[in-house]
Each structure stands twice: as structure tokens, then as C-alpha cells.
Amino acid sequence: MSTCTSPSDNGSTLDEQDRKLVLATQAGLPLVSDPWGALGQQLGMDHEDVLSRFQRMQETGAIRRVAAVPDHYKLGYRFNGMTVWDVRDDAIAEMGQRVGELPFVSHCYRRPRHLPYWNYNLFAMVHGTSRDEVEAKAGQIRKLLGATSAGDTILYSSAILKKTGLRLRKEKATS
Amino acid sequence: MQLDATDRQLIDLYQRDLPVCDRPFLDVSRQLGITEEEVIGRLQSLQDHQVVSRVGPVFEHSRAGASLLAAVAAPEQQLDLVAARINRAPGVNHNYAREHTYNLWFVMTAPDETVLEERLGELEQQLRLPMLRLPMVEGYHIDLGFEIDWEALP
Numbered sequence: 001m002s003t004c005t006s007p008s009d010n011g012s013t014l015d016e017q018d019r020k021l022v023l024a025t026q027a028g029l030p031l032v033s034d035p036w037g038a039l040g041q042q043l044g045m046d047h048e049d050v051l052s053r054f055q056r057m058q059e060t061g062a063i064r065r066v067a068a069v070p071d072h073y074k075l076g077y078r079f080n081g082m083t084v085w086d087v088r089d090d091a092i093a094e095m096g097q098r099v100g101e102l103p104f105v106s107h108c109y110r111r112p113r114h115l116p117y118w119n120y121n122l123f124a125m126v127h128g129t130s131r132d133e134v135e136a137k138a139g140q141i142r143k144l145l146g147a148t149s150a151g152d153t154i155l156y157s158s159a160i161l162k163k164t165g166l167r168l169r170k171e172k173a174t175s
Numbered sequence: 001m002q003l004d005a006t007d008r009q010l011i012d013l014y015q016r017d018l019p020v021c022d023r024p025f026l027d028v029s030r031q032l033g034i035t036e037e038e039v040i041g042r043l044q045s046l047q048d049h050q051v052v053s054r055v056g057p058v059f060e061h062s063r064a065g066a067s068l069l070a071a072v073a074a075p076e077q078q079l080d081l082v083a084a085r086i087n088r089a090p091g092v093n094h095n096y097a098r099e100h101t102y103n104l105w106f107v108m109t110a111p112d113e114t115v116l117e118e119r120l121g122e123l124e125q126q127l128r129l130p131m132l133r134l135p136m137v138e139g140y141h142i143d144l145g146f147e148i149d150w151e152a153l154p
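Residue numbers (full-length UniProt numbering), protein chains in the order written: chain R, 1 to 175; chain S, 1 to 154.
You may find that some hints are simply not true.
Derived SDA-like pairs: lysine to any residue, alpha-carbon spacing no greater than 20 Å straight-line [claimed, not checked]:
hint, chain 1, residue 1, chain 2, residue 2
1, R, LYS20, R, THR164
2, R, LYS143, R, GLU133
3, R, LYS74, S, PRO90
4, R, LYS163, S, ALA97
5, R, LYS162, S, GLN126
6, R, LYS74, S, HIS49
7, R, LYS163, S, GLN2
8, R, LYS20, R, HIS47
9, R, LYS162, S, PRO90
10, R, LYS162, S, GLN2
11, R, LYS74, R, GLU133
12, R, LYS143, R, LYS162
13, R, LYS74, R, THR164
14, R, LYS143, S, TRP150
15, R, LYS162, R, TYR73
16, R, LYS74, S, GLN2
17, R, LYS20, S, GLN78
18, R, LYS74, R, ALA27
19, R, LYS162, S, LEU132
20, R, LYS162, R, HIS47
Ranges between beta-carbon positions, derived for each pair [unchecked claim]:
hint, chain 1, residue 1, chain 2, residue 2, range
21, R, LEU115, S, ARG30, 46 to 56 Å
22, S, PRO154, R, VAL32, 32 to 42 Å
23, R, ALA147, S, SER45, 41 to 51 Å
24, R, ARG98, S, GLN77, 37 to 47 Å
It should be emphasised that the hints constitute simulated quantities derived from the structure, not laboratory data.
We treat Cβ as the ideally placed atom computed from N, Cα and C, and that holds for glycine.
The shape of chain R in the complex, shown without the other chains (with noise of 0.2 Å):
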């Protein structure tokens, strides 16, 4: 069993220690001085080990990054209004860039229409502590779209039925 990854396979290979850190943090690092020695004793590794599977997980794009993840909701941001936009083809990647870019849109993804019911193709998420502060937002989307867009709407998330985290790894695990 090879544990090497090549820039070619994106770092897909987790091996198992790999694998049983990454079931080990979905809810979190040990909030300790030295939080990869904490994984490693549970885990049977050592400190540096833990370390730089990390940064290798990291660099090879299996972990996206490291971060304290708020929870937007929480903080006050109680409305989630999904904007969907009907781009042109011909101007998505650079509309989709730059709507991305923008410093409210926490997602921003293209994904295919599915004619006659769904004209939408980009998905920009925006937050906001009241409808207003959701459409004036989309307002800034529309304007910077301009006549690239031909349609939109916000869908509102009015509850979340199901939030779980990482799926990942129970199932593959134990295969």
C-alpha cells in the first residue's frame, strides 16, 4: 500500500492515518497548547508526524484550510438568501469570478440550468441580518452582472432541517 501522493492524483490518497485524522478533528482540534501531540497520543502517532500530515493534507488541497469556522447565524447574520442568476455563457467564469470575489458572497459556484425549470446557473450565497441587508447585497450582484444577467431570484432559507458535518469517512473506513 503506497502512501506517496503525486501532484498528478491531487493528493486524493489519505491513507489510514490520514483518515483517522481527519475522523478525529471534524469537530475540531484539541484546543491545547500543542494540539498535534494531543491528536498523536490518541491516536498512537507522535507530534510531528500529526504536523505534517496536516500541512501535507493541506498543500495537496484535501484540507481546504484551517480555520476558526463561525457560525454565522450565531453571530446574528439570521438570514441566508441563496441569489441565482441566469448568466450568459459566454460571460459566467469572469462574471463568477468576480461575484465570488466580492467581500459578502461566502459561495459563489456555477452549476448547470435544467431547462424549462431551472434557468439559474451561478449561486452566490449571501447573509445578512434582515431581508433588506440580503437585497441590497443582491443589488450589488445585479449590478455588477449588469446585462450579463437575464434573470434572478433569492431563495431564503426558512429552516435547516439537517446540518451535519463532515460525512466523510465512517462509511469508507470501515470498507
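Chain S: place on chain R using the hints.
Same frame as chain R, now just chain S:
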């Protein structure tokens, strides 16, 4: 929980990237000019109050298998029932009710594309509702959070 300027700074500076180094919280403490102990105490408290949902790695889901955003238009009077069925389906990790004809939006996950399609197909059949499959074609800004406007918060 009342956040003071240091708590806000902690969130502003580290909601995107915490250093992955020998002593990450020591690194943070030097940047903020407080002790490592205080950094840890503050992060713990932010986490205890769920202002910060976690301090840790954000994994790239696509590396861990396949996933896809899907939506269905459930008849209003069946919304709860349909939502419950979606929540019970293996692989569903997010499910949001949204104000739209397509009123249930969920993320289906699976170890690989084949299983993903099987799970979606099974669920679609069970729900007897056409499902919008909306895989990510391109990500322009992926789950990096956003700048928090503290003054605007209640």
C-alpha cells in the same frame, strides 16, 4: 455571548486560515499580543457558545468522495414528510427548506459517483418527485466565509 474587540479580531483573522505550524495558538497569540493561554481560552469560549462552530480543518469534500446539491419541489402540505424522507436517506448531510417552488435543498454525498447516482435515483423514486441535480461545475469562491460587518450586527 458578548464579543469584545479581541474576540472579533480572532474571528476576523482566523476564520480563513489558522497557521498549521508547531504551536499554532502561540503563533496567533504573538500576532494578537496576548498570551497563548488567553487565545486558547477565548477560542474555547467562542466554541462553547457556538459562536465558532469549530476550530479545525475544513475538508475538501470532493476529495472524500462525491457530492451534489439537489432540490425538489414538495407540495406544501407534504413538506415535513418529504423532508423527513430526505433526511433519512443515506448520504444526505445538509437539508434546507427554502422559500421557492423548489422548497427543499439538500446535499447528497457518497463514496463515489456511482453510489451517488444510485442514492439519488433511489431517493427520487421513493419521493416520486422530480429532482434537480445541480453538481458544481465550477467554484469561484468556495466556503471561505465572508468579512463580518460587526457594526451591522445586532
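Here's how the hints hold up against the structure:
Of the pairs offered as hints, the one joining LYS20(R) and THR164(R) holds, with about 18 Å between alpha carbons and a cut-off of 20 Å not exceeded. Under the criterion of a C-alpha separation no larger than 20 Å, the hint pairing LYS143(R) with GLU133(R) is consistent with the structure, at around 15 Å. Restraint check for LYS74(R) and PRO90(S): not satisfied, since their Cα atoms lie roughly 28 Å apart, outside the 20 Å limit. Proximity of LYS163(R) to ALA97(S) is assessed by CA-CA distance (about 12 Å); at most 20 Å being required, the pair is judged to hold.
Restraint check for LYS162(R) and GLN126(S): the C-alpha separation of about 19 Å stays at or below 20 Å, so the hint holds. With a CA separation close to 9 Å, the supplied pair LYS74(R) and HIS49(S) stays within the 20 Å bound. Straight-line distance between C-alpha atoms of LYS163(R) and GLN2(S) comes to about 25 Å, which puts the hinted pair past the 20 Å bound. Restraint check for LYS20(R) and HIS47(R): satisfied, since their Cα atoms lie roughly 15 Å apart, inside the 20 Å limit.
Proximity of LYS162(R) to PRO90(S) is assessed by CA-CA distance (about 13 Å); at most 20 Å being required, the pair is judged to hold. Note on LYS162(R) and GLN2(S): the hinted pairing is violated, with a Cα-Cα distance of about 28 Å set against a maximum of 20 Å. With a C-alpha separation of about 17 Å, the suggested pairing of LYS74(R) with GLU133(R) holds against the 20 Å cut-off. Between LYS143(R) and LYS162(R), the direct Cα distance comes to roughly 34 Å. Violation of the 20 Å bound is thereby established for this hinted pair.
Restraint check for LYS74(R) and THR164(R): the C-alpha separation of about 16 Å stays at or below 20 Å, so the hint holds. Between LYS143(R) and TRP150(S), the direct Cα distance comes to roughly 25 Å. Violation of the 20 Å bound is thereby established for this hinted pair. Restraint check for LYS162(R) and TYR73(R): satisfied, since their Cα atoms lie roughly 15 Å apart, inside the 20 Å limit. Pair hint LYS74(R) plus GLN2(S) holds up; C-alpha atoms about 12 Å apart against a cutoff of 20 Å.
Straight-line distance between C-alpha atoms of LYS20(R) and GLN78(S) comes to about 40 Å, which puts the hinted pair past the 20 Å bound. For the suggested pair LYS74(R) and ALA27(R), the alpha carbons sit about 17 Å apart, so the restraint of at most 20 Å is met. Restraint check for LYS162(R) and LEU132(S): satisfied, since their Cα atoms lie roughly 19 Å apart, inside the 20 Å limit. Our distance criterion of 20 Å between C-alpha atoms is broken by LYS162(R) and HIS47(R), whose separation comes to about 35 Å.
Between LEU115(R) and ARG30(S) the Cβ separation comes to about 55 Å, which falls inside the hinted range of 46 to 56 Å. In this structure the hint that PRO154(S) and VAL32(R) lie 32 to 42 Å apart at CB holds, the actual value being about 33 Å. Between ALA147(R) and SER45(S) the C-beta distance comes to about 49 Å, which sits within the given range of 41 to 51 Å. For the hinted restraint 37 to 47 Å between ARG98(R) and GLN77(S), the CB-CB distance of approximately 42 Å keeps it satisfied.
The structure does not agree with the numbered hints 3, 7, 10, 12, 14, 17 and 20 stated previously, though it agrees with the rest.
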